[in-house]
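Engineer: Protein chains in written order, with the working numbering: chain S, 1 to 333; chain R, 1001 to 1333; chain X, 2001 to 2333.
Do not take every clue at face value.
Unchecked claim - Below, simulated DSSO-like cross-link-like pairs (lysine-lysine); rule was C-alpha separation at most 30 Å, straight line:
#1 X:Lys2292 x X:Lys2259
#2 R:Lys1330 x S:Lys259
#3 S:Lys331 x R:Lys1330
#4 R:Lys1193 x X:Lys2314
#5 X:Lys2131 x R:Lys1292
#6 S:Lys314 x R:Lys1331
#7 X:Lys2292 x S:Lys48
It is worth saying that the hints were derived from the structure and are not from the lab.
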Amino acid sequence: MPVSLGELAVSIGCELIGDPDVVVSDVASLENATPQSLTFLSSASYIKQLPSTKAAAVVLRAEEADACPVAAFITDNPYATYARMAALVRPEASFEPGIHDTAVVSLSASVALSAHIAANVVIGERSIVGKNTFVGPGTVIGPDCRVGDDCRFVANVTLVKRVEIGARGLFHPGLVIGSDGFGNAMTPEGWVKIPQLGGVSIGDDVEIGSNTTVDCGAIGDTVIKHGARIDNLCMIAHNVHIGEHTALACQTAIAGSTKIGDRCLFAGRSGAVGHLNVCDDVIVLSRAVLTKDVTAPGTYSGSFPAELADTWAKQVARFRRLGNLIARVKKLE
Amino acid sequence: MPVSLGELAVSIGCELIGDPDVVVSDVASLENATPQSLTFLSSASYIKQLPSTKAAAVVLRAEEADACPVAAFITDNPYATYARMAALVRPEASFEPGIHDTAVVSLSASVALSAHIAANVVIGERSIVGKNTFVGPGTVIGPDCRVGDDCRFVANVTLVKRVEIGARGLFHPGLVIGSDGFGNAMTPEGWVKIPQLGGVSIGDDVEIGSNTTVDCGAIGDTVIKHGARIDNLCMIAHNVHIGEHTALACQTAIAGSTKIGDRCLFAGRSGAVGHLNVCDDVIVLSRAVLTKDVTAPGTYSGSFPAELADTWAKQVARFRRLGNLIARVKKLE
Amino acid sequence: MPVSLGELAVSIGCELIGDPDVVVSDVASLENATPQSLTFLSSASYIKQLPSTKAAAVVLRAEEADACPVAAFITDNPYATYARMAALVRPEASFEPGIHDTAVVSLSASVALSAHIAANVVIGERSIVGKNTFVGPGTVIGPDCRVGDDCRFVANVTLVKRVEIGARGLFHPGLVIGSDGFGNAMTPEGWVKIPQLGGVSIGDDVEIGSNTTVDCGAIGDTVIKHGARIDNLCMIAHNVHIGEHTALACQTAIAGSTKIGDRCLFAGRSGAVGHLNVCDDVIVLSRAVLTKDVTAPGTYSGSFPAELADTWAKQVARFRRLGNLIARVKKLE
């Protein structure tokens, strides 16, 4: 959607150096930008591309403004400011309210008139869908779910049962929320399933990625608090609590009943074992898995980077002979 | 469903200390229980919550009965006994038999009259669905599948082709069974796909979690034996065999042609490489991956817990200088 | 489909030792083959099964022909030759062209007359489906997608938006292509979503497995080049490039903006962190994760095999005391 630089400066509230009447209609990288594009500079590693950019305007920090050959938006947080402007330049597609002919909505369900219920959606008994919420094709909302206003279920999402979601959530395809937790008791005759009788409670402004799974609580709810961001292929087990604004990158798994604080960051394929308490502001690096409670903010790590296979094989062999080495040192002592 | 303590004691067959006419209508944790709730005590770490519980009754071991302020069910396995009682107090929702108007069932398929085929289900050629089986919305059952009695496909499950399933199975959303195994032969022109021509054979009383994938065999079947329990986001590759009552926690992956014995336990994100034989009663701890045959029961491990990032970085640096350390010790010797 | 050995030899172009009029109608392993089966010998570990095979014919190397008790196809690459023959003996089921009554196709979409659009498929605005392409049940193709000729979407695949796919692709259930990348900027008020405005570009002859996720680019496209093979439950993040004929086994994750060269092999649960450049012909072993650019072909490793838990616990304890050991050696020096 064509927007003038002046409008962008006013809407987002930041300083513009340059002609406010210039119009942008797309976004691009510094390198590939055209005179119709908005772009941004947030990382020092791209600064060498700034002098030659063809963009209409660049979102950047004050100290980089002098080097900018085109119009500049000045901000302390170029990435966030770019994000807000990009959402104006390239807004989400609008949708018509209404229920598609092929959707199957239970008579006991309640759907806001302004909601969009797409083709082949199924909505179960007693479930509620809020205003301006988009329920994309193939999505199944089981019984006893409550979905707030302005949410977007892209397509093929499954809410199994007893899922409550606040406002402005964004949920990607293949995501499953409210499936049974993994609870089994061993007996001489084999496993007995522990009925999974809780629900899932999700706050406002939560985004959850494709093919992630969020299990319902065994007793009581699994909880994801407002502002949390969860990437693709993650596992949120039964009765986990995820704090406000906590972010989990892809393939992260949080095992049953663990409570993660606010503003934590879990990098890709990291996680935590079950029944832990993790305080606010904890960072867990790629592939590291917490195995104990964490009571103070900090950064945790626990994985090895890949090396040439020969080098690695020698290191593993040395690691395995550590006992021998310790004995040799003891003998020397 | 309201049930009296006396009925529960008789149905499950365990001793009750307390008034058999008291009625429970829900389950709860020891801490949150109300006078309408059944609860349980299975782990010593919760025993301090017992004296103050408000539950109607607690399922526990004989040695804890004296400390119980309310009615008590006495059992050697409180977790399993609770599970069986909870299934009576909070039974699965019943369903009407029949085929929904929007379901598409092949003329050559066969569906038991007592089965429930939900909205937008597709059932392919020559496939069979047994008695009292619930096929939830959006589920696709491809051609040449045979599903036994009393199974439940929650929603959006995909059985691709040639999948046989016994009785009383439970299958969660996003699960894919019978997709092609990953078989490719390299040639100078690129990969040639190995046709994946086998099926999948699943026994009775199997539960498989959300967004797990079970590939068909390349030649012959992938096999999951009765009583197995598989969590979310697991990978069962082509021609794998999973033994009876074996349990795999989330993100576990078993690579092609590996045979896992009975009553094995794989913790979260663990696994086994391909073409192994793993005997009965093997336990694999979190994130450990078997790389050799296992011929005797035992517990296997292979991962590091997360540590403060600074500490970990120093340890990795020392690990990398092990060769240097060994040389120094040799010199000293 | 019954085929004579002579026809197979001519179609695939390889030497036959034996009666060309013998007919095979199925494939089997060396061990389980019947006189109606084609089988193959590609790995030395199965050679002891050759003398007793009951197969109609075995695909093998010249040096093994003398030991073969039945007809033999002689080839330098038995696995690939078997694959090509198996595709003739057990061809994919054919399908009728046409659009199923329950499919919902946008008026602005374009579907080739020879394509098959199965039950409950949804095709969005301005999307195009090529000739002889099979779009299986429950598949959702969002707006602005272009799918080439002779592709097969097995069932329940989701193409979110702006996905371009070449010819002869094969896409398995639960796969999601074009979902939003994981891009967020932190602000004092919480995360601000970075709009994900790019698409996904997939070449010819690409196969992608069940429940894998391929995110769209943030700006510009995520790219998978022709001949690539991606297994189940993999993660291809925004703006990743996967080179020609590169193969990724299950649960592999490639983080944002990383570029992987041609003919690379990533074993199960391996991967690469973001913003890397990885050259052609790199092999990454199981669970190893690249954390730096790779500029020369080679094999990379970085994981430990599982050991008996007691042994492993001792090794971890020794690892943790490495600092102490180094100090002791220094003192001795």
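Engineer: Next step is simple, just say for each hint if it's right about the structure.
Structural biologist: Here is how each hint holds up against the structure:
1. Taken as a hint, the lysine 2292 of chain X and lysine 2259 of chain X pair is honoured in the structure, with Cα atoms around 12 Å apart against an allowance of 30 Å.
2. The straight-line distance between the Cα atoms of lysine 1330 of chain R and lysine 259 of chain S is roughly 49 Å, outside the 30 Å bound, and the hint therefore fails.
3. About 12 Å separates the Cα atoms of lysine 331 of chain S and lysine 1330 of chain R, which keeps this hinted pair within 30 Å; it holds.
4. About 44 Å separates the Cα atoms of lysine 1193 of chain R and lysine 2314 of chain X, which puts this hinted pair outside 30 Å; it is violated.
5. A C-alpha spacing of about 47 Å is found between lysine 2131 of chain X and lysine 1292 of chain R, which places the hinted pair above 30 Å, so the restraint is violated.
6. For the hint linking lysine 314 of chain S to lysine 1331 of chain R, the alpha-carbon distance of about 20 Å falls within 30 Å, and the restraint holds.
7. At roughly 22 Å between alpha-carbon atoms, lysine 2292 of chain X and lysine 48 of chain S fall within 30 Å of each other, so this suggested pair holds.
Hint compliance for this structure: hints 2, 4 and 5 are broken, all remaining hints hold.
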